[in-house]
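Number of protein chains: 2
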Amino acid sequence: MSARAGIVVTGTEVLTGRVQDRNGPWLADQLLELGVELAHVTICGDRPADIDAQLRFLAAEGVDLIITSGGLGPTADDVTVATVAEFCGRDLVLDDALEERIAGILRRLIGNRAGVDFAAVMTANRKQAMVPEGAEVLDPVGTAPGVVVPGTPTVVVLPGPPRELQPMWPRALATAAVQEAIAGRTVYRQETIRMFGLPESGLAETLRIGEAGIDGFDRMEITTCLRRGELEIVTRYEPADAAIYDQLVELLRTHHGAEMFSTDGALIDDQVAELLAGRTIATAESCTAGMIAARLTDRAGSSAYVAGGVVSYSNDAKAELLGVDPALIASHGAVSEPVAEAMAAGALARFGADTAVATTGIAGPGGGSAEKPVGTVCFSVRLGDGTTMTKTLLLPGDRSDVRERSTTVAMHLLRSVLSRAATPSRGS
Amino acid sequence: MSARAGIVVTGTEVLTGRVQDRNGPWLADQLLELGVELAHVTICGDRPADIDAQLRFLAAEGVDLIITSGGLGPTADDVTVATVAEFCGRDLVLDDALEERIAGILRRLIGNRAGVDFAAVMTANRKQAMVPEGAEVLDPVGTAPGVVVPGTPTVVVLPGPPRELQPMWPRALATAAVQEAIAGRTVYRQETIRMFGLPESGLAETLRIGEAGIDGFDRMEITTCLRRGELEIVTRYEPADAAIYDQLVELLRTHHGAEMFSTDGALIDDQVAELLAGRTIATAESCTAGMIAARLTDRAGSSAYVAGGVVSYSNDAKAELLGVDPALIASHGAVSEPVAEAMAAGALARFGADTAVATTGIAGPGGGSAEKPVGTVCFSVRLGDGTTMTKTLLLPGDRSDVRERSTTVAMHLLRSVLSRAATPSRGS
Chain A
1 MSARAGIVVT
11 GTEVLTGRVQ
21 DRNGPWLADQ
31 LLELGVELAH
41 VTICGDRPAD
51 IDAQLRFLAA
61 EGVDLIITSG
71 GLGPTADDVT
81 VATVAEFCGR
91 DLVLDDALEE
101 RIAGILRRLI
111 GNRAGVDFAA
121 VMTANRKQAM
131 VPEGAEVLDP
141 VGTAPGVVVP
151 GTPTVVVLPG
161 PPRELQPMWP
171 RALATAAVQE
181 AIAGRTVYRQ
191 ETIRMFGLPE
201 SGLAETLRIG
211 EAGIDGFDRM
221 EITTCLRRGE
231 LEIVTRYEPA
241 DAAIYDQLVE
251 LLRTHHGAEM
261 FSTDGALIDD
271 QVAELLAGRT
281 IATAESCTAG
291 MIAARLTDRA
301 GSSAYVAGGV
311 VSYSNDAKAE
321 LLGVDPALIA
331 SHGAVSEPVA
341 EAMAAGALAR
351 FGADTAVATT
361 GIAGPGGGSA
371 EKPVGTVCFS
381 VRLGDGTTMT
391 KTLLLPGDRS
401 DVRERSTTVA
411 MHLLRSVLSR
421 AATPSRGS
Chain B
1 MSARAGIVVT
11 GTEVLTGRVQ
21 DRNGPWLADQ
31 LLELGVELAH
41 VTICGDRPAD
51 IDAQLRFLAA
61 EGVDLIITSG
71 GLGPTADDVT
81 VATVAEFCGR
91 DLVLDDALEE
101 RIAGILRRLI
111 GNRAGVDFAA
121 VMTANRKQAM
131 VPEGAEVLDP
141 VGTAPGVVVP
151 GTPTVVVLPG
161 PPRELQPMWP
171 RALATAAVQE
181 AIAGRTVYRQ
191 ETIRMFGLPE
201 SGLAETLRIG
211 EAGIDGFDRM
221 EITTCLRRGE
231 LEIVTRYEPA
241 DAAIYDQLVE
251 LLRTHHGAEM
261 FSTDGALIDD
271 QVAELLAGRT
281 IATAESCTAG
291 MIAARLTDRA
301 GSSAYVAGGV
311 VSYSNDAKAE
321 LLGVDPALIA
331 SHGAVSEPVA
341 EAMAAGALAR
351 FGADTAVATT
361 GIAGPGGGSA
371 EKPVGTVCFS
381 VRLGDGTTMT
391 KTLLLPGDRS
401 DVRERSTTVA
411 MHLLRSVLSR
421 AATPSRGS
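Going down the list, the protein sequences come from chains A and B.
Going by UniProt numbering, the first residue of the first sequence is number 1, and it counts up by one from there.
Going by UniProt numbering, the first residue of the second sequence is number 1, and it counts up by one from there.
One thing to keep in mind: the hints can contain errors.
Given that identical chains are not distinguished, each listed pair holds provided it fits within a single copy or across any two copies.
Stated by the list, open to error - Taking lysine to any residue and the SDA-like style, the derived pairs with C-alpha atoms no more than 20 Å apart in a straight line are: (1) Lys391 to Asp50; (2) Lys391 to Val374; (3) Lys127 to Gly35; (4) Lys372 to Ala330; (5) Lys127 to Thr224; (6) Lys372 to Trp26; (7) Lys391 to Ile329; (8) Lys127 to Ala266; (9) Lys372 to Thr390; (10) Lys127 to Thr206; (11) Lys127 to Cys225.
In case anyone wonders, no lab produced these hints; they're calculated from the structure.
Quick caveat: nothing in here was measured; it's all calculated off a predicted structure.
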């Protein structure tokens, strides 16, 4: 048995991409946790014919539950409830008690604001008190009520603003109609493994080995995704198949132990933050120009270990603010390992830090040469005890890719050096 | 006549919300500009049955063009091309020349990297050279080729990574099959106006005035979107209605002239870059911690005017690297206008720049007080001639919102100061 669901996101501003839909992903996550299989997310504008077509499509696909978001407002372009009622073959009826509750909300919101004709507002909002006959009403979080229409499939109609939709979802879930619709759900576990520096094709090869050698391999649902140079491997399986998953982890560890940096879902940012506890870090950035500092300070509490950084875009800045010897730049070039090392050493000294990371590279599109093409980036990580790791990489992509990828590489170099270093004794 | 299109976004990571889809919105925008009506966007996982169901749904809805994104990789879970081939009733055939081109790309990417079995990689990637019979191949941007399958509807199959999809789209568009499919499109003009510092309700009020007073107002399609504190107003109209649009622009200028910073679609980043020509800028960032420097250097050629910056997260760094008097911090606090001004002055001096911008604020979640709550940010812009503009704002939202919004505010302050300043005489 299983339970399948579909999500219908309505709204011209979402369809045209001017507003990014946040409800589809949020509801997808809720369904995943419940063990309800999400088959389709569909997006259309505020047009009855298109909404109806999507509802019919999902019903034909045999989903047990449809969740719609958006189109519950008082204006004429909000048509979801009426369209769903027609789709479910139910009349729209005025819910007097609901109308009174909406009036109460509006009275509190609008009060005696000058120039507002309250009767006119109420006429516009009466529409929101019209519900499909026999539907269960979900009380408004804002001014728009939601509805649950029992049936095959059961349809849950939720408002568009995420701050209204999210609190309303648990109430929808609690209704008998939704519980019945998702009765066949399966409980899954989901685990995430992360790797860095492995091409997707290398992983594909290993997964084929697993497919051939691990009994029950097909019972796991494995999805892989390459992002910022990191490979994310998400596996879903039923709890009874945990031993099969363990074999997969072992297989990946055997083949890609060096590239596998996380088996518990932790991000590189989480790991670096943890490794920096009790330390003080400073950055010296040329091509990434503040992106590493911004990323390190992205999380709350980072002021405990981030001292600061220098963006040394010009050669003068490298000399002035980081004490890089201009002769070094003259002889090796600004994009070189000796300069990266001098930048890291300079950051360490200037900020009185015990950990420093430096980048200098050619992000493009100009500035490349045969010897140092666009995408050439030198990295150096240096600790207070003199430990240094320096690397030069040739990164693919355009300017923005090179800068982003460099930031991620810097995080991984930091992790690599810090995880081998002894915990610093402060005040030494 | 008209031309209708549908977009099928595939990928379990997108369906489950782990990765935010960027292709749907981007393609929606492209179609809009072309005058092709987008009816539906559908999202499903990497499952042939679900992809096929969505293709059949869109075909049944009578769209002229279907664009798919994702599922073109070498791994077994990438099934889009095979599914589209079957949907279109065409066999998959190996394109030898394409296989050789992919091999060439992989050879350059992987080279002689130790431990990589090139033959195994090529086996995995042969799949990418299988194309529907009679389809037009779109050469890979990464390693995955796209295809255009002529028919009713015509299907364009594009890769998932936006940096591969986006450059490939114009090539798809140029094919005879796509041109034929969209032959019925209506040509629209689309113009974008940008405002900063105006609440959405203020704009709504003005648009109501326009609706009542401008003849033919309803023939324009106006959508508004609030993003990063900036209000974007996009208007579509047929070329014959240009005079009506001009009246709208005049109306908005009359009511919101101070807030309107762009009527030609230019971004604040474009404007600041232009104003910085012939200048040298340095940043001094506390709460934004490198985000302003990163944003200024986002565009190619920025090394001509960006000297660098200091991320002074700790008080010591403010004193050491920017020369901020510790007594100033002690008496006014690190988040104060005098400290912001001293930071800007310090950046100006240390980098030998003629333009500087400084931020110091409380991004949260901790660190707020009754007097200086979370979201309090002080900004200062200073020019070489002593011109200074300093401001304190209370910004809404969480840590990430405050940091992002601060970065945008800094850009607008720079624009404001620089657009009133005389062009600097270098060497003075």
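To see whether the hints hold, each was checked on the structure:
In this assembly of identical chains, the alpha carbons of Lys391 and Asp50 never lie at most 20 Å apart, being 54 Å within a copy and 45 Å across copies at closest. Within a single copy, Lys391 and Val374 get their C-alpha atoms as close as 16 Å, which meets the 20 Å cut-off; across copies the closest is 39 Å, which misses it. In this assembly of identical chains, Lys127 and Gly35 lie within 20 Å of each other by CA distance neither inside one copy nor across copies; the values are 35 Å within and 33 Å between. For the homomeric pair Lys372 and Ala330, the shortest alpha-carbon distance inside one copy (15 Å) is at most 20 Å, but the shortest distance between copies (47 Å) is not.
In this assembly of identical chains, the alpha carbons of Lys127 and Thr224 lie at most 20 Å apart only when taken from different copies (17 Å versus 44 Å within one copy). In this assembly of identical chains, Lys372 and Trp26 lie within 20 Å of each other by CA distance neither inside one copy nor across copies; the values are 40 Å within and 33 Å between. For the homomeric pair Lys391 and Ile329, the shortest alpha-carbon distance inside one copy (17 Å) is at most 20 Å, but the shortest distance between copies (39 Å) is not. Within a single copy, Lys127 and Ala266 get their C-alpha atoms no closer than 43 Å, and across copies no closer than 33 Å, so neither meets the 20 Å cut-off.
Only within a single protomer do Lys372 and Thr390 lie at most 20 Å apart by alpha-carbon distance; the minimum there is 17 Å, versus 42 Å between protomers. In this assembly of identical chains, Lys127 and Thr206 lie within 20 Å of each other by CA distance solely across copies; the values are 17 Å between and 56 Å within a copy. For the homomeric pair Lys127 and Cys225, the shortest alpha-carbon distance between copies (18 Å) is at most 20 Å, but the shortest distance inside one copy (42 Å) is not.
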